[in-house]
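Colleague: Each protein sequence line maps, in turn, to chains A, B and C.
Going by our numbering, the letters in the first sequence line up with residues 1 to 255, in that order.
Going by our numbering, the letters in the second sequence line up with residues 1001 to 1255, in that order.
Going by our numbering, the letters in the third sequence line up with residues 2001 to 2255, in that order.
Calculated directly from the structure, the hints in this document are not laboratory data.
All the given hints hold, so there is nothing to weed out.
Computed list of chain C residues with no C-beta within reach of chain B, every gap over 12 Å:
#1 Ser2088
#2 Ser2090
#3 Arg2115
Far from chain A, by Cβ distances over 12 Å, these chain C residues were calculated:
#4 Ser2003
#5 Arg2013
#6 Glu2020
#7 Asn2091
#8 Gly2093
#9 Asp2158
Sample of chain B residues at the chain A side, in silico, Cβ under 10 Å:
#10 Val1032
#11 Glu1034
#12 Thr1073
#13 Arg1105
#14 Arg1109
#15 Lys1172
#16 Ala1217
#17 Gln1218
#18 Gly1219
#19 Val1225
Beta carbons are placed, not taken as given, at the ideal position from N, Cα and C, and that holds for glycine.
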Amino acid sequence: MMSVSDLSKLAYRVLHEIGEQRVRVHCLTNTVAEPITANVLLSLGAVPSLSSDPDEIPDFLRTAQSLMVNLGTPGTDRFLARRMAASSASNMGMPWVLDPVMVDRSDIRRAEAIRMIKLKPTVIRCNAGEASTLAETLEGFSGVLAGTGAVDRLRSRDYKASLTVGHPLLPKVTATGCALSAVVAAFLACHREDRFLATLAALAAFGAAGAYAGDRAQGPGSFAVALLDAFPNLTAEFIEHSIETLHVERLERTA
Amino acid sequence: MMSVSDLSKLAYRVLHEIGEQRVRVHCLTNTVAEPITANVLLSLGAVPSLSSDPDEIPDFLRTAQSLMVNLGTPGTDRFLARRMAASSASNMGMPWVLDPVMVDRSDIRRAEAIRMIKLKPTVIRCNAGEASTLAETLEGFSGVLAGTGAVDRLRSRDYKASLTVGHPLLPKVTATGCALSAVVAAFLACHREDRFLATLAALAAFGAAGAYAGDRAQGPGSFAVALLDAFPNLTAEFIEHSIETLHVERLERTA
Amino acid sequence: MMSVSDLSKLAYRVLHEIGEQRVRVHCLTNTVAEPITANVLLSLGAVPSLSSDPDEIPDFLRTAQSLMVNLGTPGTDRFLARRMAASSASNMGMPWVLDPVMVDRSDIRRAEAIRMIKLKPTVIRCNAGEASTLAETLEGFSGVLAGTGAVDRLRSRDYKASLTVGHPLLPKVTATGCALSAVVAAFLACHREDRFLATLAALAAFGAAGAYAGDRAQGPGSFAVALLDAFPNLTAEFIEHSIETLHVERLERTA
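Just chain A, same shape as in the assembly (with noise of 0.2 Å):
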């Protein structure tokens, strides 16, 4: 259905455009996550903004392309902000990433991402923890569901995936799950023809700059110091050589 080759050269495209229409991608995140995040996105070539202020949501997300929600760090006001931010997006109709970070170990994540998941993500980018945790909320969601881990699952109404790429580090560095939902909201904001083929897309372009982390590492520091400085340096060639496997499966429709 779609080749490792057709993945690289769509992830390596994304990438390009991104960086040539400079995607503002507003990004409510938790604290420790913060500074990753933005380099992230501007190693991108993305414009991040991180307010996550009530008052002034409605001013960025005006301004923005999408949207990426996390829940770590609550609070009163931030989980209001995280309502109203997502609420907004989906009234407008733009792409957003839920990432309910830490739900498996705090009711009041548990509670919030419920609630979060009826305003309707267009992604949820999680673990299996996360994912377990949610295992019946998500049973009637009908976005795109992006379970990453050593492999990564997704899946949609109409598609199945998935797909091994990225390297052993990744989760020795923090807050790479939370950047890595902040470059999947990019990647929507870029190609919004598919958003299950964006996502699936952003997680090759993201493994494959761990990939390429890897190969420079003597460990978790040097390792996340590569991560920044491969996203300017990718080509199809690479993100295709760092795919070690992809399964896209379309699904049969009983109705």
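Start from chain A and add chains B and C according to the hints.
Modeller: Using the frame of chain A, we list chains B and C on its own:
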């Protein structure tokens, strides 16, 4: 009026004095900018503090030599802390820098910037878009206005200057502008006799650090690392060599 | 009493166990310290969590093995969360570390530190200025006091030690002291039989990581990167080689 060589020597001398005196700079800044701001100040030999809690602002200001106030990460308490800090600094005769980050994206920041400018910052450091949003208010401003970018443009009541120094990767690392504002604050604390030249020297030193980093970078990640490595390794010669253009002009007063 | 070789072997063994057990350390810390704290813990093989929201503290503590509480970034909710966390940890018998950062600069932090010390931290990690500000309160403290700097000085009711290990660039990177406090918490979780030796071993491992980074640094930026690279690369031999002096002494109890 001032040669590239004289400016480089001044920048180098002040850099040295900042480390000798272990200048204390209090910074009220946005959360994403905190790590790079603190690390740039430490690599200069300065001592940063970052509290945005209104209850401890008086304690930190009492023991600081200069102040930097950035308008990112708004919030009721944070705005209160910033007004208190700015107003105290002006009353105490302590030099302070205002960084109206992203006023061009948010109405509440613009309103807050206008309020802060009335508290008479010693220097305003911003980019061209931010300066343009505040153009009307800035007409009446009698401190030093430093609009930075590919070419830095400074003006005070008496002087005007333009300076080209730096590297294209500087805007590809988050919060380098915010960190530069903190560097200006450190320079103001050590060279109190002339705030215009102190600001110009800070921009020259920071831009030279960018040039140093650009020589060693494979991308924005390694650039950010080398930027922090640069400060203890800068020499007057390297700063001089990094400055591409400099024009300083005394303004004729018409009155 | 304890040789450099024995301490190095202990430090190495605990480091290994932290990674094996994927020890969970909850940290309530200041915002500037969050990225380096999380990254140091991850590079040790531990699993950090960082929420400062009072509503989810119980959930995170229930699934953590130790706790670190740092007094930076004050605020009503944050202080409340810290007191809750400290008090729960003491009640549950969970080891916890207090880091009274900058109590020598802020009266409200000093008052809060005194309050927190009454909740009986397992270890207090601070620098000389902070210890001196709290001298009176610390007289009655029966846990482990670790005053770190060029020479680290530890004491408990029964033991006293001094240790020289590390690198002059450590204080030139923001929040390395805060990150060290989190490393102590990770060591306490894995070596519960002796909190004094666990603390001493944590300081030895962290100092050795500093020495490792110092060998590879061109300045504070590359030092911070190599510090994170160090942990997975430390050996008992390298730790032993990095320790310059060690004196451990059993105290005679006079009663």
